[in-house]
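Colleague: Starting from the structure of chain D, add chain Z with the ligands where the hints point.
Take a look at the letters that make up each chain.
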Amino acid sequence: MHRTNSGRLKTSVSASLADARDELLIAGPFSQGISNAMKVLVPVKRVIDYNVKVRVKADQTAVDLANVKMSMNPFDEIAVEEAVRLKEKGKASEVVAVSIGPAQASETIRTALAMGADRGILVKTQGEVEPLAVAKILKAICDAEKPDLVITGKQAIDDDSNQTGQMLAALLGWPQATFAHKLELEAASAKVEREIDGGLQTLEVKLPAVMTTDLRLNEPRYASLPNIMKAKKKPIDEKTPADYGVDTTPRLKVLKVSEPPKRQGGVKVKTVAELLARLKDAGVL
Amino acid sequence: MATLVIAEHDNKTLKDATAKTVTAATQLGAGVHVLVAGQNCSAVAAAAAKLAGVGKVLLADDALYAKMVAETMETLILSLAGGYDAILAPATTNGKNYLPRVAAKLDTPQISEIVKVVAPDTFERPIYAGNAIQTVQAGAGKKVVSVRTTAFKPAAATGSAAVEKVAAASDPGTSKFVGEELSKSERPELTAAKIVISGGRGLQSAENFKLLEKIADKLHAAVGASRAAVDAGFVTNDYQVGQTGKIVAPDLYIAVGISGAIQHLAGMKDSKVIAAINKDEEAPIFQIADFGLVADLFKAIPELEEELTKLGA
Ligand SMILES: Cc1cc2nc3c(=O)[nH]c(=O)nc-3n(C[C@H](O)[C@H](O)[C@H](O)COP(=O)(O)OP(=O)(O)OC[C@H]3O[C@@H](n4cnc5c(N)ncnc54)[C@H](O)[C@@H]3O)c2cc1C
Ligand SMILES: Nc1ncnc2c1ncn2[C@@H]1O[C@H](COP(=O)(O)O)[C@@H](O)[C@H]1O
Numbered sequence: 001m002h003r004t005n006s007g008r009l010k011t012s013v014s015a016s017l018a019d020a021r022d023e024l025l026i027a028g029p030f031s032q033g034i035s036n037a038m039k040v041l042v043p044v045k046r047v048i049d050y051n052v053k054v055r056v057k058a059d060q061t062a063v064d065l066a067n068v069k070m071s072m073n074p075f076d077e078i079a080v081e082e083a084v085r086l087k088e089k090g091k092a093s094e095v096v097a098v099s100i101g102p103a104q105a106s107e108t109i110r111t112a113l114a115m116g117a118d119r120g121i122l123v124k125t126q127g128e129v130e131p132l133a134v135a136k137i138l139k140a141i142c143d144a145e146k147p148d149l150v151i152t153g154k155q156a157i158d159d160d161s162n163q164t165g166q167m168l169a170a171l172l173g174w175p176q177a178t179f180a181h182k183l184e185l186e187a188a189s190a191k192v193e194r195e196i197d198g199g200l201q202t203l204e205v206k207l208p209a210v211m212t213t214d215l216r217l218n219e220p221r222y223a224s225l226p227n228i229m230k231a232k233k234k235p236i237d238e239k240t241p242a243d244y245g246v247d248t249t250p251r252l253k254v255l256k257v258s259e260p261p262k263r264q265g266g267v268k269v270k271t272v273a274e275l276l277a278r279l280k281d282a283g284v285l
Numbered sequence: 286m287a288t289l290v291i292a293e294h295d296n297k298t299l300k301d302a303t304a305k306t307v308t309a310a311t312q313l314g315a316g317v318h319v320l321v322a323g324q325n326c327s328a329v330a331a332a333a334a335k336l337a338g339v340g341k342v343l344l345a346d347d348a349l350y351a352k353m354v355a356e357t358m359e360t361l362i363l364s365l366a367g368g369y370d371a372i373l374a375p376a377t378t379n380g381k382n383y384l385p386r387v388a389a390k391l392d393t394p395q396i397s398e399i400v401k402v403v404a405p406d407t408f409e410r411p412i413y414a415g416n417a418i419q420t421v422q423a424g425a426g427k428k429v430v431s432v433r434t435t436a437f438k439p440a441a442a443t444g445s446a447a448v449e450k451v452a453a454a455s456d457p458g459t460s461k462f463v464g465e466e467l468s469k470s471e472r473p474e475l476t477a478a479k480i481v482i483s484g485g486r487g488l489q490s491a492e493n494f495k496l497l498e499k500i501a502d503k504l505h506a507a508v509g510a511s512r513a514a515v516d517a518g519f520v521t522n523d524y525q526v527g528q529t530g531k532i533v534a535p536d537l538y539i540a541v542g543i544s545g546a547i548q549h550l551a552g553m554k555d556s557k558v559i560a561a562i563n564k565d566e567e568a569p570i571f572q573i574a575d576f577g578l579v580a581d582l583f584k585a586i587p588e589l590e591e592e593l594t595k596l597g598a
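Those sequence lines, one after another, are chains D and Z. Using the working numbering, the letters of the first sequence map in sequence onto residues 1 to 285. Using the working numbering, the letters of the second sequence map in sequence onto residues 286 to 598.
Keep in mind that the hints are not guaranteed to be accurate.
[Claimed, not checked] Lysine to aspartate or glutamate pairs mimicking DMTMM-like chemistry, simulated, CA-CA at most 25 Å apart: (1) D:Lys268 <-> Z:Glu492; (2) D:Lys39 <-> D:Glu184; (3) D:Lys270 <-> Z:Asp565.
To be clear, the hints were calculated from the coordinates, so they are not data collected in a lab.
If we strip away everything but chain D, and leave its shape as in the complex, we get:
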């Protein structure tokens, strides 16, 4: 699987090493038979690939998604990675990936399964589903699945809402640890280092809890070819919002989606002295 995230430096050598490690761990005894190991639920969203240059439709109703590359939300890859690592360490017994979206969101779930999740739940929807409705569906799934930990991304890079995980935690009455930078899981609690405006904060939350991932929690692996093949055999349950009694009709009315004001490139300067002179002229120095 390709991963071109320029924010991560990854050579093909380290990738294949990681794959070899995946193989070992998946084949190994680590994840089986551990008493009181936990169930982890990971919601994964299918979004426009983070590398795609987004265009607004001419009729200003939405962003143009026709023939555009779609991928798993990058923060959700981090969430899957963290969950799979917990399993590899024997701290989790099962990792369940959930996606709410169109039929093609099953591909997003397959990606999670190829990374090491055990099974998937696809909740098929039509059109946009707002974070609150997503949170309600996830709550119903948690009521049924009873996970010990839910790991969501901190933010979907399409709607940039940054709210689903927090909403889910509130609906469940669970504590949350958002913007996670580091996780230490104990038997009945989790110690989470969080990225906050001023630096880092450490919280201890009782389980069950919801955690949302930040960029530096881990570096997601590439799925190896054998694991991609294996993932094809892992089960994906198909559901609808009605199965959970959730109405996904949008509550907000989108009146318009428009282009932001375009910023024009200015001039090139030749020297540092010229740069300073220009900045003085512009009144900003």
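Modeller: What follows is chain Z with the ligands alone, placed relative to chain D:
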């Protein structure tokens, strides 16, 4: 009914983000109250009471709120929500943390990071890393809104509202603050500075970031960074500017050794003037920079420092 603004502060000082959120709140047309939740934070409440447009300050002074832990903020805000039509918080990491819990419990969608109040029920907000602007209208029910503070001017300190104490709400007791590591700096705060100088992967090391710090000290600027610079450990996470880091809009943004990925641009493209120094003349940052200098930063930055010294900075 009035609008409730949740104050951002560190128990000692009221953050600029609050004054900017108050400006957005006044545009909803109803009265504005500010909730200051914290510990030993009466000075913060006094500062909030001075903000123009604020009718009343509610002060919840209790150990429970010392760190604005999300679960305790949720129960406190919900205990007051009945009296309000709209609840606004700045889109800081605190606001992003507690506000969606409140929205979920009120069974209302949260409108995240508004940049404009079009009408009391209609807002503009950026989506797709700011590559599109969505205009959304709220339905019936309470409005829960987070505010991108760079898009609003701070309310002036010309008011004189009363401060009223409110009781602490219940403690769910499910989470505990353990500790924090806060960056200490004499420089202005990244989101409030008039000048920001940011470094990227091009800086190559933490040591080299000191080159930027020297310039920052001369310009009274804040120092920022790209994600690549943070991931590489040159600086800590709180320096990150971008779609998923801090949003800044200073008078002057100087990008040094930063290529200009959309995720970075999302955090700084509303700066008044953008200058870029990059050795690659094709770097995308030049497409939005007002002034671009194609140069090796290890030559240009020491020169810049020298020139600034000459200018008596
Ligand atoms: C989900 C997600 C969220 C993200 N969020 C953010 C975010 O919030 N903020 C953010 O910044 N990024 C974010 N990114 C990462 C973003 O896509 C880019 O990878 C990142 O911004 C690149 O940082 P950079 O410009 O420092 O590095 P590079 O792209 O590697 O650019 C380095 C630049 O330095 C120049 N350079 C090198 N040496 C010198 C020299 N000696 N003199 C002058 N110039 C030199 C090079 O020409 C190059 O243009 C995110 C990515 C993802 C997937
Ligand atoms: N449709 C969805 N399906 C699965 N997970 C989702 C969906 N929408 C949001 N999420 C999760 O919630 C996180 C935050 O999304 P948001 O609140 O939309 O920014 C994402 O990173 C996902 O983990």
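Colleague: Which earlier hints can't be squared with this structure?
Modeller: Hint 1 alone not satisfied by this model.
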